[in-house]
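Sequence order for the protein chains is A and B.
In this text, residue positions in the first sequence follow this note's numbering: the first is 1, and each later residue adds one.
In this text, residue positions in the second sequence follow this note's numbering: the first is 853, and each later residue adds one.
Mixed in with the good hints there might be a few duds.
[As the list claims (entries may be wrong)] Straight-line Cα separation of at most 20 Å, SDA-like style, residue types lysine to any residue; simulated pairs:
id, chain 1, residue 1, chain 2, residue 2
1, B, K899, A, K408
2, B, K899, A, E509
3, A, K408, B, P949
4, A, K777, A, V588
5, B, K884, A, H247
The hints are simulated quantities; they were obtained by calculation from the structure and are not laboratory data.
Spelled out, the chains give:
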Amino acid sequence: MGESRELELPIIGIHCDECATRIERALGELPGVAKARVNAVSERAFVTHDPETAPVATLVESIRAAGFDVGLARVHLSVEGLHCASCVTKIEGAVRALPGVQSTEVSLANEEVVVDYRPAQVAPGELRIAVESAGYRVRESGAGAAAAMPHEHHAATAKPVEGEETEDAAARERDREYRRLRSKFLVASVIAVPVTVLSYPGYVPGLKSLSDETIRIIWALTAVAVLPVLLYSGSHFFTGAWFAFRHRSADMNTLIALGVGAAWIYSVVAVAVPQLFPEGTAEPFFDVVGVVVALVVLGQVLELRAKGRSSEAIKKLMGLQAKTARVIRDGTEVDVPVEEVLVDDLVVVRPGEKIPVDGVVAGGHSSVDESMITGEPIPVEKVEGDQVIGATINKTGSFRFRATKVGKDTALAQIVRMVQEAQGSKAPIQRLVDVVAGYFVPAVMLIAIAAFVVWFVAGPDPSITYALVVAVTVLIIACPCALGLATPMSLMVGVGKAAEKGILIRNGEALQQAQGLDAVVLDKTGTITLGKPSLTDVVTWGDFPEADLVRLAASVERSSEHPLAQAIVEGARDRGHELVDPDEFEAVPGHGVTARVEGRSVQLGNLAYMRQLGVALGNLEERASTLADQGKTPMFAVVDGRAAGVIAVADTVKEDSRVAIKRLQEMGLEVIMITGDNRRTAEAIAREVGISRVLAEVLPKDKAHQIHLLQAEGKKVAMVGDGINDAPALAQADVGMAIGTGTDVAIEASDITLITGSLRGVVTAVEVSRATMRNIKQNLFGAFIYNTAGIPVAAGILYPVFGALLSPLIAGAAMAFSSVTVVTNANRLRLFEPRMVATPAVTDVRVEGAAV
Amino acid sequence: MSLTDVVVIAGGLGLGVLVVWYFWLSSSGGVKAASVDGMQELTVVVKGGYTPDTIVVKRGRPVRLNFNRQESASCSEMVLFPDFDRSAKLPEGTVVPIEFTPEKVGEFGFQCQMGMFRGRLIVE
Numbered sequence: 001m002g003e004s005r006e007l008e009l010p011i012i013g014i015h016c017d018e019c020a021t022r023i024e025r026a027l028g029e030l031p032g033v034a035k036a037r038v039n040a041v042s043e044r045a046f047v048t049h050d051p052e053t054a055p056v057a058t059l060v061e062s063i064r065a066a067g068f069d070v071g072l073a074r075v076h077l078s079v080e081g082l083h084c085a086s087c088v089t090k091i092e093g094a095v096r097a098l099p100g101v102q103s104t105e106v107s108l109a110n111e112e113v114v115v116d117y118r119p120a121q122v123a124p125g126e127l128r129i130a131v132e133s134a135g136y137r138v139r140e141s142g143a144g145a146a147a148a149m150p151h152e153h154h155a156a157t158a159k160p161v162e163g164e165e166t167e168d169a170a171a172r173e174r175d176r177e178y179r180r181l182r183s184k185f186l187v188a189s190v191i192a193v194p195v196t197v198l199s200y201p202g203y204v205p206g207l208k209s210l211s212d213e214t215i216r217i218i219w220a221l222t223a224v225a226v227l228p229v230l231l232y233s234g235s236h237f238f239t240g241a242w243f244a245f246r247h248r249s250a251d252m253n254t255l256i257a258l259g260v261g262a263a264w265i266y267s268v269v270a271v272a273v274p275q276l277f278p279e280g281t282a283e284p285f286f287d288v289v290g291v292v293v294a295l296v297v298l299g300q301v302l303e304l305r306a307k308g309r310s311s312e313a314i315k316k317l318m319g320l321q322a323k324t325a326r327v328i329r330d331g332t333e334v335d336v337p338v339e340e341v342l343v344d345d346l347v348v349v350r351p352g353e354k355i356p357v358d359g360v361v362a363g364g365h366s367s368v369d370e371s372m373i374t375g376e377p378i379p380v381e382k383v384e385g386d387q388v389i390g391a392t393i394n395k396t397g398s399f400r401f402r403a404t405k406v407g408k409d410t411a412l413a414q415i416v417r418m419v420q421e422a423q424g425s426k427a428p429i430q431r432l433v434d435v436v437a438g439y440f441v442p443a444v445m446l447i448a449i450a451a452f453v454v455w456f457v458a459g460p461d462p463s464i465t466y467a468l469v470v471a472v473t474v475l476i477i478a479c480p481c482a483l484g485l486a487t488p489m490s491l492m493v494g495v496g497k498a499a500e501k502g503i504l505i506r507n508g509e510a511l512q513q514a515q516g517l518d519a520v521v522l523d524k525t526g527t528i529t530l531g532k533p534s535l536t537d538v539v540t541w542g543d544f545p546e547a548d549l550v551r552l553a554a555s556v557e558r559s560s561e562h563p564l565a566q567a568i569v570e571g572a573r574d575r576g577h578e579l580v581d582p583d584e585f586e587a588v589p590g591h592g593v594t595a596r597v598e599g600r601s602v603q604l605g606n607l608a609y610m611r612q613l614g615v616a617l618g619n620l621e622e623r624a625s626t627l628a629d630q631g632k633t634p635m636f637a638v639v640d641g642r643a644a645g646v647i648a649v650a651d652t653v654k655e656d657s658r659v660a661i662k663r664l665q666e667m668g669l670e671v672i673m674i675t676g677d678n679r680r681t682a683e684a685i686a687r688e689v690g691i692s693r694v695l696a697e698v699l700p701k702d703k704a705h706q707i708h709l710l711q712a713e714g715k716k717v718a719m720v721g722d723g724i725n726d727a728p729a730l731a732q733a734d735v736g737m738a739i740g741t742g743t744d745v746a747i748e749a750s751d752i753t754l755i756t757g758s759l760r761g762v763v764t765a766v767e768v769s770r771a772t773m774r775n776i777k778q779n780l781f782g783a784f785i786y787n788t789a790g791i792p793v794a795a796g797i798l799y800p801v802f803g804a805l806l807s808p809l810i811a812g813a814a815m816a817f818s819s820v821t822v823v824t825n826a827n828r829l830r831l832f833e834p835r836m837v838a839t840p841a842v843t844d845v846r847v848e849g850a851a852v
Numbered sequence: 853m854s855l856t857d858v859v860v861i862a863g864g865l866g867l868g869v870l871v872v873w874y875f876w877l878s879s880s881g882g883v884k885a886a887s888v889d890g891m892q893e894l895t896v897v898v899k900g901g902y903t904p905d906t907i908v909v910k911r912g913r914p915v916r917l918n919f920n921r922q923e924s925a926s927c928s929e930m931v932l933f934p935d936f937d938r939s940a941k942l943p944e945g946t947v948v949p950i951e952f953t954p955e956k957v958g959e960f961g962f963q964c965q966m967g968m969f970r971g972r973l974i975v976e
């Protein structure tokens, strides 16, 4: 047996001591393993093994065979210059030589090395050094995309659409392209100015006196002078046109290349063989070549700049990711890159720090600012057992939490992925554009040909010059870009803006549906209300002290598991009462509970229980009935055989539900409440929040049917509910909006996910959708008008009546700025702010509620 | 009407027919995606269009299309598969895979953001 090594492996799926024994046995049976010990609590295996006879891979295999998995991290390294099969073996050899590397896979096609490794033993940095020492350069972004995840997820996430990496690469590329276009523009404009001056010798003092012969020589020189404009500044029009042509398609490049090319060739011919043309008409327009290329390139420069801004939202989201995490490993706190945090790691967070990944608080408490994810401005209190979301900021206290989701599974990663997907999706409104876009460019070419023929045959003299100028102008003014960009640009900005406000829109279709809604159906429990009962009213009998009543009742209920009992206990704690343990606790089924507290006999229960006890209730019975009318659950309390009062418990309305519903109604939407609760409770809540139409006593399975009935009334209906119980209704509705629970953002049935529980999200969702669709319509309208008006004018339709003809120079300017306008208009959406401001305090809502 | 006019009219009509035929009426054949380990995989080069622009895949089996964009024109910056709700940014010179499983037989389009570049995905 060779040299033996100590190894620590994180294990996934240990739930019992017996599991640990099973793994120990499986490992112990392997030849080459001297000792194997598994700690079920830390979920780690400690193995003393001989790497020669029992390599790590064999250990992992036997652990898997025993029904468990090994927590491994995976890193993608993007490597430059990976071309040959021999590179693969070289790199694999270098990386595998490191301790802690479980497997490597080199992909030539992606120029990428994927390594599974144990983070406890080797850091991604060391992996990089290994690759580099083998003679290859690792691209920076590759390491940035490193993602740690339990091995079990690997198959599913073999190569998902990369988020940050792609976005970074896209930004870098955009920057390169920007600089490239800018220098192209500079060259074109420096040449275009003198060329334009020389093109009109008749108007320039000093050139006027020159002979025709000299002017012709100057023109010949300008023909050469504009060549750099064509071959450098405008080269991408020609190459683009050529590649498109080979694909039997045509785009903006085709139009510009044809227009500019035709102008240059015509001009060269006019200068070289003027005798082909009628006397005195052989004038070149090299100025068109220079100016049009310069303007269109300028347009592209500006468009690129504006486009960079439109993806700001997604960049902002990605920038939220924490870079490091403080993790407890082997009992000590260590700072590790966030990629190396594993599921079930204990993470420590201090005040002011960013929470690195998603998890559940395991100790300590604090308030956390979740506004970056949920859009909710008020910090949220976190105690043991509460979920925390990665990228949110810890405000006041320190706490530890157990990581539940890391890498690509975190809420933030899901949000980024969902937003990116939505930004790239299509709104139905674009279908028309798609049809048009398919025919647009060839159609423009046909119009240019027709215009040329008509002007040549029927136009004024010199007809060939007119015909050419008109054809060139038509080609140049047509702008498929404005049309094509109209919808996607607005969609991108709008969806991004919504995400900033904690609203995830699944795709363009959902967005378009949301702006055309007629009715919003709100589930009562958990949507309008908090979804859990709380103590709302305390009515005392005679001079019985209120504090005693609450304390005694809550102390009795301490021993009860019932949710209503829990509400009373929590309510008493909130009021600052110290509770004691009850003696002789007994539940009286269907009636209530009885116990001894502080030596006093206390009973709590319904009216039937009071009748059975034979207690005189006086006007308490009436008060209880009033509370019941308000949708509350009243309970009578008896102390030492005499009535002490009534305590009422109810599911309370979320503080901003009323304001949100009012706003929805102001926006012209019919708001309807749906619930499985009885009519009395439902109507009480409906009254409180100002809803007049209530669908009560609806069984969960019938909710979808109710939505269908509303749709049959001819309404476009949105359903707002939780993503699990209400899934069929969400799917049936035109727009399903799921109220999220923070970390579970990718709710399948929903078109729109509201990350916060607040109904204000519904308002914002509708407002964002409306603003975005309005923006899209403006863009489309502008682009359609521009093209349908611009092309006929360029073709000379105004000439017979007004004698007006468009200069190709103006056409070039118009074309360049039409697409810039579309992008700029879309960017205006970034300024969108929902009109409803956050409700400041609970009391405001109550006041409004009382006014009804 | 002079002879030149007639020639120009005839030339214009001819050119028009050529444009219509070349861009609208003719089309190229499809390329089948190779199947490796049950994954139907194909590389699509993005340069003035998609090569290949007609892709034939089988239903119910995962598809991975590796897009390799070799140009900088911002038009082709994104590729969309609207019927599958998939889209991706394509940085120049990077291979970006798009994965999905077609569940329905039929012909589906894919395209750049603006609809200038188009391809067809035929699911059999």
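Each hint tested on the structure:
1. A threshold of 20 Å between alpha carbons decides the hint, and for B/K899 with A/K408 the separation of about 31 Å lies outside it, so the pair is violated.
2. This hinted pair does not check out: B/K899 and A/E509 have alpha carbons roughly 29 Å apart, beyond 20 Å.
3. Between A/K408 and B/P949 the CA atoms are separated by roughly 17 Å; this keeps the pair inside 20 Å, and the hint holds.
4. For the given pair, A/K777 sits about 65 Å from A/V588 by alpha-carbon distance, which is inconsistent with the 20 Å threshold.
5. The straight-line distance between the Cα atoms of B/K884 and A/H247 is roughly 18 Å, inside the 20 Å bound, and the hint therefore holds.
Hints 1, 2, 4 from the list above are not met by this structure, while the remaining hints are.
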